[in-house]
Structures are given as C-alpha cells and as structure tokens.
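Participant: Spelled out from the first residue to the last, the chains are:
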Amino acid sequence: AQSVAQPEDQVNVAEGNPLTVKCTYSVSGNPYLFWYVQYPNRGLQFLLKYITGDNLVKGSYGFEAEFNKSQTSFHLKKPSALVSDSALYFCAVSPPGYGQNFVFGPGTRLSVLP
Amino acid sequence: DTAVSQTPKYLVTQMGNDKSIKCEQNLGHDTMYWYKQDSKKFLKIMFSYNNKELIINETVPNRFSPKSPDKAHLNLHINSLELGDSAVYFCASSPGNSNQPQHFGDGTRLSIL
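Top line first, the protein sequences correspond to chains E and U.
Just so we're aligned, residue 1 is where the first sequence starts under our numbering, counting upward by one.
Just so we're aligned, residue 1001 is where the second sequence starts under our numbering, counting upward by one.
These aren't lab readings, by the way, just hints derived from the structure by calculation.
Remember, it's a predicted structure, so these values are computed and weren't measured experimentally.
C-beta: ideal position from N, C-alpha, C; glycine also.
A couple of the hints might just be wrong.
[Said to hold, decoys possible] Distance windows between CB atoms, simulated: (1) E/K77 - U/S1086: 34 to 42 angstroms; (2) E/G62 - U/Q1014: 45 to 53 angstroms; (3) U/K1067 - E/L82: 39 to 47 angstroms.
[What the hints assert, rightly or not] The calculated EDC-like cross-link candidates involving lysine to aspartate or glutamate, where the alpha carbons are at most 16 angstroms apart (straight line), are: (4) U/K1040 - U/D1085; (5) E/K77 - E/E66; (6) U/K1041 - E/D9; (7) E/K69 - E/E8; (8) U/K1040 - E/E8; (9) U/K1022 - U/D1070; (10) E/K77 - E/E8; (11) U/K1040 - E/D9; (12) U/K1041 - E/E8; (13) U/K1052 - U/D1070.
Throw the hints in and build the complete structure from the sequences for me.
Facilitator: Next up, the structure:
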C-alpha cells in the first residue's frame, strides 16, 4: 500500500533561519512527488514537484526540495524563513500513469517566529 | 478568474438533511476530485472523475453521491447528513496525468448541528 509520512506535526523556526519540513514515502516503482501549502481557510496550493532528473527541485516562494531515492525522502527546504511562510504543508505522491490517485501525507504545521 | 470554485463556502445544517456542494473548474482539465479534510487536517480522497466517468471511489458511505454533468463540473450530494460528516470538503482538478499537480478550490466547510 502507498503511504506518505511527515514525521513532524509541527516545526518551529525563527525568521531568517533555514527551514526543513520532512517527508518520506512508501510507494512501489518511481512515483512523482509534490509539495503543497495550505493557508487558513484556503485550499491547497502547489509549491513544487519532482518528476525526474536533478534531485534538487526549485519551486514557488523560494522553496526547494531534495529527492533522495535511497532514503525514499523528499524534504522541503528554504534557506531563509519568513513569517508569511507560516502555514500547513503537505507532501504528496502519485504513481506514474493516467488517472492515478494522489496520496497525501498528514501535514506539518510550520510556524515562523519573528 | 477563479480556477476551481466551490459553492457554498459555508454550509450549516441539521442532522438528517440532504445537501449539495457544487464545483466548477475553468482550467480545461479532464479530471476532477472530491477530498474530505477532517478536524485534524488529514486529507482523504473520496471520488475522482475523468471526463464525466467515475475512476476512483474510495470507501465512502452510499449517502455520498457525486455527479458530473460535464467535465468542468463535479457536484457532491450528501443524503441524511450525520454529525461525523462535519468537515471541510475540497474539490480539485488536474489534467489527469499523474505528473501534473492538482488545483484545489477553497473548500466548503460543512457543519452539522
């Protein structure tokens, strides 16, 4: 069965410091990997994805993520956190193919403290 | 222009009632989804339609019935509402290829009294 884990319910970081939000997955084959962000009372917004190629992918708002196949991880990072980055972050995986089901992780709440 | 729009944004109703939530996307996508987000923020897929055909139907009570009149619309009808149905329901759409992200609406917050 496919699963996505985000081992931290909450991540706190000071503004200006680097941040990491962790994601590991268990999916057969070579899945596609995604990060989404959810602000209060809003839907999920796409940040970035890994399909193939370079293990470091860059996305919106200065976020990037590092794919590690051997560790089946896809950690979200940002070199310098902003207070406005405070939100709920979801990792998701999708097996290759058409019409496949996305599996979302449980979410990690990021709080950036001024 | 809103890409994925849901109505209503809030829905407060009593147990036992029947209600519908509407969703429309103007992105030209082939695939649409309904998700349920519970109070702990877990997100679970309920249904997926591709070109008006049901392709994913997770373990959801029969009281929930999706309807897709065309590929730009996916509505969700819920019969005999129960307290446990209280949640935020999100509609999403995608081109259908699994390497493409899904686009989400802003959700419908359903509260059962």
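Participant: Now tell me if each hint is right for this structure.
Facilitator: We went through each hint and held it up to the structure:
no.	hint	verdict
1	E/K77 - U/S1086: 34 to 42 angstroms	35 angstroms, holds
2	E/G62 - U/Q1014: 45 to 53 angstroms	46 angstroms, holds
3	U/K1067 - E/L82: 39 to 47 angstroms	42 angstroms, holds
4	U/K1040 - U/D1085	14 angstroms, holds
5	E/K77 - E/E66	8 angstroms, holds
6	U/K1041 - E/D9	11 angstroms, holds
7	E/K69 - E/E8	20 angstroms, violated
8	U/K1040 - E/E8	14 angstroms, holds
9	U/K1022 - U/D1070	13 angstroms, holds
10	E/K77 - E/E8	14 angstroms, holds
11	U/K1040 - E/D9	10 angstroms, holds
12	U/K1041 - E/E8	14 angstroms, holds
13	U/K1052 - U/D1070	6 angstroms, holds
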